[in-house]
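Position 78 of the sequence shown, counted from 1, bears residue number 78 in the numbering used here, the numbering being contiguous throughout.
Please keep in mind that the hints were generated in silico from the structure rather than gathered at the bench. Among the hints, a few may not be true.
[What the hints assert, rightly or not] Dumping the calculated DSS-like pairs for lysine-lysine here, alpha-carbon to alpha-carbon at most 27 Å: (1) LYS230 / LYS240; (2) LYS240 / LYS190; (3) LYS190 / LYS271; (4) LYS271 / LYS240; (5) LYS213 / LYS240; (6) LYS213 / LYS264; (7) LYS230 / LYS213; (8) LYS257 / LYS271; (9) LYS37 / LYS97; (10) LYS271 / LYS237; (11) LYS190 / LYS213; (12) LYS147 / LYS240; (13) LYS148 / LYS254; (14) LYS230 / LYS180; (15) LYS230 / LYS202; (16) LYS240 / LYS148; (17) LYS17 / LYS37; (18) LYS237 / LYS213; (19) LYS147 / LYS97; (20) LYS230 / LYS190; (21) LYS213 / LYS254; (22) LYS180 / LYS237; (23) LYS97 / LYS190.
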Amino acid sequence: HMDPVWQVYWLPEEPAKNLTFCSVSSDGRVTMWTLAKNELQYTNIMELALNDETNDKGGQVDTDAALAGLSGGTCFDFSSFMDGIFVVGTEEGKIRKCCRAYNSQYLFSYEGHTMPIYGIQWNRFHPDVFLTASSDWTVKLWEQNTKKPLVSFDLGSSVGEACWAPYSSTVFAAVTADGKVHVYDLNENKHEPMCDQLVVRKAKLTRICFNPKSPILLVGDDRGTVLSLKLSPNLRKITKTEDGKDRAQTEIEKLNKIIEITTKDRQLMEKAGEE
Numbered sequence: 001h002m003d004p005v006w007q008v009y010w011l012p013e014e015p016a017k018n019l020t021f022c023s024v025s026s027d028g029r030v031t032m033w034t035l036a037k038n039e040l041q042y043t044n045i046m047e048l049a050l051n052d053e054t055n056d057k058g059g060q061v062d063t064d065a066a067l068a069g070l071s072g073g074t075c076f077d078f079s080s081f082m083d084g085i086f087v088v089g090t091e092e093g094k095i096r097k098c099c100r101a102y103n104s105q106y107l108f109s110y111e112g113h114t115m116p117i118y119g120i121q122w123n124r125f126h127p128d129v130f131l132t133a134s135s136d137w138t139v140k141l142w143e144q145n146t147k148k149p150l151v152s153f154d155l156g157s158s159v160g161e162a163c164w165a166p167y168s169s170t171v172f173a174a175v176t177a178d179g180k181v182h183v184y185d186l187n188e189n190k191h192e193p194m195c196d197q198l199v200v201r202k203a204k205l206t207r208i209c210f211n212p213k214s215p216i217l218l219v220g221d222d223r224g225t226v227l228s229l230k231l232s233p234n235l236r237k238i239t240k241t242e243d244g245k246d247r248a249q250t251e252i253e254k255l256n257k258i259i260e261i262t263t264k265d266r267q268l269m270e271k272a273g274e275e
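Model the full structure from these sequences, guided by the hints.
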């Protein structure tokens with residue numbers, strides 16, 4: 001890489017194969033690295049062209065894309081459900097869906113953010129849903145086959161990161177530059193956070209992470225401090241499963257209901273706007 005690396009991601013281990021990980025950088029490249037014996041080998045799996053049509057048109061180089069340069073990558077996440085599929089956020093506020101095995105063009109592009117995207121993450125239960133966090137003050141929810149966001153949350157300050165809870169398909173948390181932690185449960189309230197708490201003063205919160213097993217949040221700020229926060233019982237509700245259903249299916253159905261309601265609301269608003 002020629003510019004700062006913003007995120008690295010271990011790829012799932014495969015039997016009898018070398019360890020591999022990926023990185024995304026402001027130089028506009030997503031790179032895959034392989035630990036082979038005593039050597040670290042790399043290959044670029046995607047160059048983030050500024051326009052939607054990337055650098056391959058029937059085997060010919062797209063000179064317009066080459067002249068425009070590359071879009072600075074800021075964050076990415078690989079799907080747990082679709083092999084080789086990943087989404088990338090950029091400095092320009094664009095989101096690109098890409099495939100590790102098909103690096104000549106984007107699979108899909110999404111529009112909605114107006115400033116750099118600092119966090120992006122697939123839902124842990126639902127294969128089609130992911131969220132993004134941006135310095136344009138918003139967290140947005142996306143369905144992978146829809147160009148526009150399903151819903152947008154204005155947090156009133158630049159958002160450093162957002163992440164899904166490991167115990168629910170509808171719970172996510174985000175941190176903002178004004179020192180606040182925001183926790184949402186879409187199953188309880190689709191518009192307002194369940195918790196909106198100031199945890200630091202004179203510092204910007206930059207990172208957030210759920211503990212995979214315990215009800216604990218870790219948050220980091222721009223002054224080098226890491227805080228450990230315990231979630232109150234109302235923020236860590238686990239949905240009861242019906243007889244004959246597994247937990248994953250219950251969580252998917254729970255989020256599907258919210259997507260359905262949100263989609264209908266948006267269609268009604270668009271229809272009202274046209275009238």
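Is the Cα-Cα distance between LYS180 and LYS237 27 Å or less?
Holds. LYS180 to LYS237 sits at ~22 Å (cutoff 27 Å).
Measure nothing beyond the straight line between the CA atoms of LYS240 and LYS190; if it is 27 Å or shorter, mark the hint as holding.
Given pair LYS240, LYS190 holds - Cα atoms ~20 Å apart, limit 27 Å.
LYS17 and LYS37: Cα distance at most 27 Å?
holds (11 Å)
Would you check the hint for LYS147 and LYS240, treating anything up to 27 Å between C-alpha atoms as holding?
violated (33 Å)
Satisfaction of hint between LYS180 and LYS230, Cα-Cα up to 27 Å
holds (15 Å)
Tell me if the straight-line CA distance from LYS237 to LYS213 falls inside 27 Å.
holds (13 Å)
Within 27 Å, alpha carbon to alpha carbon, are LYS148 and LYS254?
holds (21 Å)
Would you check the hint for LYS230 and LYS190, treating anything up to 27 Å between C-alpha atoms as holding?
holds (23 Å)
Take a quick look at whether LYS213 and LYS254 sit within 27 Å of each other, Cα to Cα.
holds (21 Å)
Hey, LYS37 versus LYS97, does the alpha-carbon distance stay inside 27 Å?
Violated, at roughly 32 Å.
Against the 27 Å threshold, does the CA-CA distance of LYS230 and LYS240 hold or violate the hint?
holds (22 Å)
Can you confirm whether the C-alpha distance between LYS213 and LYS264 stays at or below 27 Å?
violated (35 Å)
When each numbered hint is compared with the structure, violations occur for hints 4, 6, 9, 10, 12 and 16.
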